[in-house]
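A.B. asks: Given chain C's structure and the hints, the job is docking chains X and V onto it.
What follows is each chain in one-letter form.
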Amino acid sequence: MKAIPKTLSWKVLAALLALALTAAACGSDAETTTTEAEVENSESATDADDGDEPTAEDDGDEPTAEDDGDEPTEDATSSTGELEIFSWWTSGSEDTALQALISAFQAGAPNADIINGAVSGGGGANAQAVLATRIQGNDLPDTWQSGPGGRLTPYLEADVIRPVTEVYDDAGFRDTMPAGLIESLSVDGEIYAVATGAHRGNNLWYNKALLDGAGVDAPAGDYTNEQFLADLATLDAAGVTGLCLGANQAFAVDELFENILLGVVGPEGWAALRDGDRSWDDPEVREAAEIFGQVLDYVDPDASALTWDQAILRLADGTCAFNSMGDWAYGELINSGAVDNEDFGYVNQPGTDGVFMLVVDAFVVAKDTPNWDLAKVWLTEMGQPETQLEFNIAKGASPVRNDVDTSALPPYQQGAADALAADATALSIVHHGEPAFQTVMSEAVTIFAQTKDVEQFVQALASA
Amino acid sequence: MTTNALPQSRIGPQPKRARTSLSRFLERNGFRILVLGPTLLVLGIFVYGFIAYTARVSVSQWQGLAVNLEPNDPLMSTYSEMLASPRFQADIRNITIFTVLFLTLAVVLGFVLAILVHNSLRSRGLFRGVFLFPYSLSFIVTGVVWRWIFTPSTGVNLILDRLGIDARPGWITDPTVVGDVSGALETVVPGGDVINTQLGIPLALIAVVIAASWQLAGFAMAIFLAGLAGIPEELAEAASLDGAKTRQYYWHVAMPQLRPMLVTILVILGHVSLKSFDLVVAMSGRGPGFATDVPGIYVFEQTFRSLSFNTGAAASIVMLLLVGIIIVPYLYRTYVGGKS
Amino acid sequence: MTDRKPGSNRKARVVGLVALSILAVVFLTPVYVMVVASVKPPNQADAIYMWQLPESLETSGIEQAWAKLKPNFVNSLLLVLPATIISSTIGALNGFIFAKMPFRGSNVLFASLLLGMFIPYQVVLIPIVRFLQYVNLYGSISGLILVHVVYGIPITTLIFRNYYEQIPSEILEASQVDGATPFQAFTRLMLPLSLPGFVVAGIFQFTNIWNDFIFGITVIPDPAKQPITVALNNLSGTLSIEWNAVMAGALIAAIPTALVYVVLGKYFVQGLTSGSVK
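Taken in order, these protein sequences are the chains called C, X and V. Every position in the first sequence, counted from 1, becomes a number in our numbering once 309 is added. Every position in the second sequence, counted from 1, becomes a number in our numbering once 66 is added. Every position in the third sequence, counted from 1, becomes a number in our numbering once 221 is added.
Hints were generated in silico from the structure; no laboratory data involved. On a predicted model such as this, the values are computed, not experimentally measured, just so you know. Don't take each hint at face value.
[Stated by the list, open to error] Here are some, though not all, of the chain V residues that point toward chain X, as calculated from beta-carbon distances under 10 Å:
1. 277
2. 280
3. 294
4. 295
5. 306
6. 327
7. 336
8. 339
9. 342
10. 346
11. 403
12. 435
[Unchecked claim] Below, in silico cross-link-like pairs of lysine-lysine (BS3-like), each with a Cα-Cα straight-line distance of 30 Å or less:
13. 487(V) <-> 232(V)
14. 487(V) <-> 311(X)
15. 321(V) <-> 487(V)
16. 321(V) <-> 311(X)
For every residue, glycine included, the Cβ atom is placed at its ideal position computed from N, Cα and C.
So that you can see chain C by itself, here it is in the shape it has in the complex:
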């Protein structure tokens, strides 16, 4: 038996060390290249490449404060500096949509640099985690993705965001955006965010061939929960799985309950429940829970293994007939090759005709940002009709302005945009509830889906 020469063994570690040093040597080059990659989106900002060297050195926690004082300059386009934007849009259509916002900003502030910080995952939960730690460390991005209602509350309580009311006044947003939406972005008379677009949460999608085959009529606007349950029973009798559900993600099940609940209580009841004017220990909530429990009997047995996008694909390929999901599902259906009104159809969730369940993305601004000038440009450009149009075509949502020429939108989005202007609105709890309540509701839904114990469910909601 031979002993390995010691020197040979150590060559490995020496090689590793050499590799580390080489990597370190490449490092300085790499930083400039990545910064270039980062601003590749700036079609308009041709001069940005030379100017970004210092940003790579900058640790990001010391924004260039001396560049712009507290005095807002009249001419926004002269603003220089660096705006850090933080979102959970990182890929595909979401990234395309974000780039539309960024290029609009860069047209408005050509001398400004951008840090596009984004982290996806967990429906924005990863981004939320990063923001939470950065808030504790007093190192916030200049502007970040948030939403209306309960999404704003934690930031307001921690006193880290500032009012953006003056943007609304200066840019005339008050007259062109739905009052209900502005209301949901406001606290005590001040507005705190500008919305990029609105998704509709209360859609019921269905596979036309499966319904036809089982002799079920395509649902119409006045669809009720009784009809829905009867149709599910008919499909079941015909050997068809009634409901697709992406139960691997809790939000999809929560959303199904939320949509059923809205159908039972209506928009006024919804607002009362949200605002705490009505107890969750309420006969109508019980009724909604009963219906929810019955609907769950028809769920695809694979549901727990499926994400929301897989569930809607199953609807497209005819594995199951219905799916209750927000209108981001539309893009997924089209991408799969399914044809609107031929392969699939959609209707408002039973009982929610004339109500638009709002799922809104909006940007807030850090209270202590030294780049308020730039942030104003960012928000102002975001609300312009062309930007809203371009963003929402990519994102599959609806512009929140009522003066956008919707004829450029695909047919589904045209309809949704018109509905947003005309319908009563309800603010989603699953997406925009108070964080603590949202968690309680989600946990209660998970337990209820197994136990079907209405009493326990309602008490859990009421005691939150």
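C.D. replies: Chains X and V in isolation, oriented as in the chain C frame:
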């Protein structure tokens, strides 16, 4: 060979005549202090300092993004609420069962792989690479692949069908909890009615155990391989001359030699298991009726989704205590109680 | 050299090879699913089609993944190599003391050090960020290296302590007679025997740090400086995910770790021979 490894010259401090007790202490302990000092300092801050901070947060009123270390009233109310919640009880049940099953499967599989690879005269490197490769993949993505595999109607069940195996397990979609003893406990144990969850084995967890073992058995194998390589050849030869059978050799000769390796594996995989998060999130999420929910997910959701920083902190303190209950006696017996 | 070892007779060897091959196939099945999915068009990369071969080879997923991961690849190397080497070295020194130079209370100290491994990372994020800001390392790769080194010490110490335990103390006793200092005894006697320990600790640390997501995302806010896992995570959007790119990205991100296994793998067996520890 042995003498080659020894230093040829006499280097080091020569004994001095007059020494103060301090310098004698330093001379005897200087190296220890120099090495362990910095370690203890940083770990003191990063581990024990932060644990203390976490403990403090767990008894505070901190909910929401603004720091609030004001003590809760009553002080332990976060704990009592959390411990009573069906979800957290399910989490404790799940992580305990998961850890036991996962450690068993990963260690047994790792041991078998190590023996097979160690004795394979052909393509040793190739096999080693194959079994270690899953460990190099990101949990976030392997979780998705395993979710696909354990989707009943399209995944591994199709292969089972093809093989003529009639069972169609629900895998991660199966909400069944077998062997529920909570009812029995409630009647036997005084105060047993605090149990708000089914105390049994959730079948959905088994799929997660398989996925985690697939990913980490290779690491266990790697450590066992290093151990097997360290067994003096003479032992094997002696055993062989004694006419020991293969099984006897591994049981009576190799196993005792591998004990330290086993401890290493159990501690390392144990901590991976108790902190499991990425894999479960990507694979089964919280599972039907929290069948696969784990404390790691609970801590994350409470802290960053619900912004209940005190509950998240309390949950992690409970996790630490759990580890303490399981591991401290073990460490004590292994390292303190036994011979040193 | 293995000829006389029990279990190496012909029949056992054949059975062993067959068993290894079967296990290898089982182990590679999920990898097969990933590879196949990574070369499919986006709408085919889903569970429904997981067992099917791609209808056409498509490189769009790979290209998309590579374009996004490339800038962060170097960051991860800059992070993982120093962090692995430093934490393994510290672990070796610590392990040496705990194994070969025990003192009163050293076992208790060792056990309390180990407990540090079990702290759930989610709750220490905020203190970490505050601490790093305090020492001016927040947002830098050095700060991230520090975090990984610190939380790696318990594991590497454990690996080396258990490893050195196996090495007979007679070697060191001889050196004491020679009057070598503990440091000299360590560098001259223990280090040359430490390769398997470094291989195991190195593999563990390299893989863990390379695959870490949660520290990377919280300690470094600037996307240009973030490690590869953050970029990998960002290959999927929040509501729009193309699995072909994600699968391709995961395979790309696994290459360095896999290379390390191939390079270091053979030293598991070769690094320690009975002759040198007799």
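A.B. asks: With reference to the structure, classify each hint as holding or not holding.
C.D. replies: Status of each hint after checking the structure:
no. : hint              : verdict
1   : 277               : 21 Å, violated
2   : 280               : 19 Å, violated
3   : 294               : 14 Å, violated
4   : 295               : 18 Å, violated
5   : 306               : 16 Å, violated
6   : 327               : 8 Å, holds
7   : 336               : 7 Å, holds
8   : 339               : 4 Å, holds
9   : 342               : 7 Å, holds
10  : 346               : 8 Å, holds
11  : 403               : 4 Å, holds
12  : 435               : 8 Å, holds
13  : 487(V) <-> 232(V) : 25 Å, holds
14  : 487(V) <-> 311(X) : 27 Å, holds
15  : 321(V) <-> 487(V) : 27 Å, holds
16  : 321(V) <-> 311(X) : 35 Å, violated
Violation of the numbered hints given earlier is confined to hints 1, 2, 3, 4, 5 and 16; the remaining hints are satisfied by the structure.
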